[in-house]
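Given chain R, work out where chain F should sit, using these hints.
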Amino acid sequence: MGIYEEIASNKRRSYALVFFFFVFIVLIGLIIGVYWGNSYFGIILAVIVGVIYFLFSYYSGAESILAMSGAKEAQKPEHAFLINTVEGLAIAAGIPVPKVYVIEDTALNAFATGRDPKNSYVAVTTGLLKKLNRQELEGVLAHEISHIKNFDIRVMMLAAVMVGVTVLLSDFLLRSFLWGGKDRDREGNQMTAVLIIVGLVLAILSPLIGEMMKLAISRKREFLADASGALLTRYPKGLADALRKIKADPDPLVDHANKATAHLYISTPFRKDGKKGSWLQSLFSTHPDINERIERLDKM
Amino acid sequence: MLSIGWIIGIVAIALVLIVILIYNSLVRLRVRVENAWSQIDVQLKRRYDLIPNLINTVKGYMKHEKGVLEEVTKARAALVEGGMKDKAKASNQITEALKSIFAVAENYPQLKANENFKMLQEELSGTESKIAYSRQFYNDSVMAYNEARQTFPRNVFAKMFSFPDKEFFETSGEEKKNVKVEF
Numbered sequence: 001m002g003i004y005e006e007i008a009s010n011k012r013r014s015y016a017l018v019f020f021f022f023v024f025i026v027l028i029g030l031i032i033g034v035y036w037g038n039s040y041f042g043i044i045l046a047v048i049v050g051v052i053y054f055l056f057s058y059y060s061g062a063e064s065i066l067a068m069s070g071a072k073e074a075q076k077p078e079h080a081f082l083i084n085t086v087e088g089l090a091i092a093a094g095i096p097v098p099k100v101y102v103i104e105d106t107a108l109n110a111f112a113t114g115r116d117p118k119n120s121y122v123a124v125t126t127g128l129l130k131k132l133n134r135q136e137l138e139g140v141l142a143h144e145i146s147h148i149k150n151f152d153i154r155v156m157m158l159a160a161v162m163v164g165v166t167v168l169l170s171d172f173l174l175r176s177f178l179w180g181g182k183d184r185d186r187e188g189n190q191m192t193a194v195l196i197i198v199g200l201v202l203a204i205l206s207p208l209i210g211e212m213m214k215l216a217i218s219r220k221r222e223f224l225a226d227a228s229g230a231l232l233t234r235y236p237k238g239l240a241d242a243l244r245k246i247k248a249d250p251d252p253l254v255d256h257a258n259k260a261t262a263h264l265y266i267s268t269p270f271r272k273d274g275k276k277g278s279w280l281q282s283l284f285s286t287h288p289d290i291n292e293r294i295e296r297l298d299k300m
Numbered sequence: 001m002l003s004i005g006w007i008i009g010i011v012a013i014a015l016v017l018i019v020i021l022i023y024n025s026l027v028r029l030r031v032r033v034e035n036a037w038s039q040i041d042v043q044l045k046r047r048y049d050l051i052p053n054l055i056n057t058v059k060g061y062m063k064h065e066k067g068v069l070e071e072v073t074k075a076r077a078a079l080v081e082g083g084m085k086d087k088a089k090a091s092n093q094i095t096e097a098l099k100s101i102f103a104v105a106e107n108y109p110q111l112k113a114n115e116n117f118k119m120l121q122e123e124l125s126g127t128e129s130k131i132a133y134s135r136q137f138y139n140d141s142v143m144a145y146n147e148a149r150q151t152f153p154r155n156v157f158a159k160m161f162s163f164p165d166k167e168f169f170e171t172s173g174e175e176k177k178n179v180k181v182e183f
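Just so you know, the sequences run in chain order R and F. Counting along the first sequence from 1, when you hit position 265 you're at 265 in my numbering, and nothing is skipped either side. Counting along the second sequence from 1, when you hit position 142 you're at 142 in my numbering, and nothing is skipped either side.
Keep in mind the hints are simulated off the structure, nothing from the lab. Please note: incorrect hints may appear among the correct ones.
What the hints assert, rightly or not - Calculated cross-link-like contacts (lysine-lysine; reagent style BS3-like; alpha-carbon spacing at most 27 Å):
(1) Lys99(F) - Lys237(R)
(2) Lys118(F) - Lys76(R)
(3) Lys99(R) - Lys237(R)
Just chain R, same shape as in the assembly (with noise of 0.2 Å):
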């Protein structure tokens, strides 16, 4: 599989993204409407804000996820050698030169957003710049740079910023159904009918924001990065190390990461104690194996 294949099949899945995104936002107003006797009213409401908040995500997303991961923008002459990198290597990917990022946490991490290679961003903590050498910094930020080149980086914006108001969402309604229904009906039977909606709304949203987690993320998406971000430095052994160091690293939460931005990230940026979460943090367990990633490096 090469590039130009992924890069189409991560249009499709941006746009397959955008469509689970309306479906979920439709039924959520069809919910909305029924709740309160006028079912069109709800999908009109519904279907405004969801335009407004899709169009606010594809135009402003990265710049959100820039601002909730706590990054600022990187300065010469102080990451000097950061800026000048990510410039060598999007000349030799051929792309436009990223915005470069950097997050102030002691974690090794590194994340690359935006919608197109014209408007993208490469963002990695202090503590990476701080643990790993040049080489390996600059396998790190060649992998980065792939995800820009592939378009990786429109559909994990995508996810981020839908799944992340879908889930708050579905979230909110869950608990409004649960309480607000309580204090505003005495009877009895109201409060089966209540437990049934909820139940419904369940079976309903959580497949559908499994599916969007699914389109977001792809294991063959960051091997594929490894590979071509080996091809960009010629020197795979880089980014190995880069992962021994981040797996061998006991600190690798980063703080402001959450489970929307989760997937962004080169490795998982939660604790690594294998403590198992509820559903929807299986979801977003999103990255693959760290060694499998390593061995294939080593064998270029």
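Frame of chain R; chain F shown alone:
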């Protein structure tokens, strides 16, 4: 009778479309090579502009190393004239000369502590790697272009519309080895 006329017409249109597609793909590849070349040029120019600053900063400290400095200045002057081969050669000479300046600078602790020198060193090594990267992109683009020019059916049209062969930007021997990548 009419239907044969139709078939001939459709085939002719299809052929024209194919020729247009092939022509456009050749143009696209050629434009990429040209863009890639201008990227190299930008970086060569950047280094060209940085060198006088470096010489000025270093001059005061390295009184006994005139030879090394002159070498850089000479190579820099050679960069302006000539075609790609000459530029590649001059560029490689500058790379070598800069290496020896920075190697010699190791013996001058005061120079190494100079903020201006540190910044120039970082910028020059950044530019150096950008030159390497732009050369890599250029050579990759040339390879794709030449391959398209030489394989059937595009070779026929490349000759017909006179798409010239492009040269590689040669390096000074010790190039990073290509890696084997499988998807």
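Each hint, compared with the structure:
no.	hint	verdict
1	Lys99(F) - Lys237(R)	24 Å, holds
2	Lys118(F) - Lys76(R)	13 Å, holds
3	Lys99(R) - Lys237(R)	26 Å, holds
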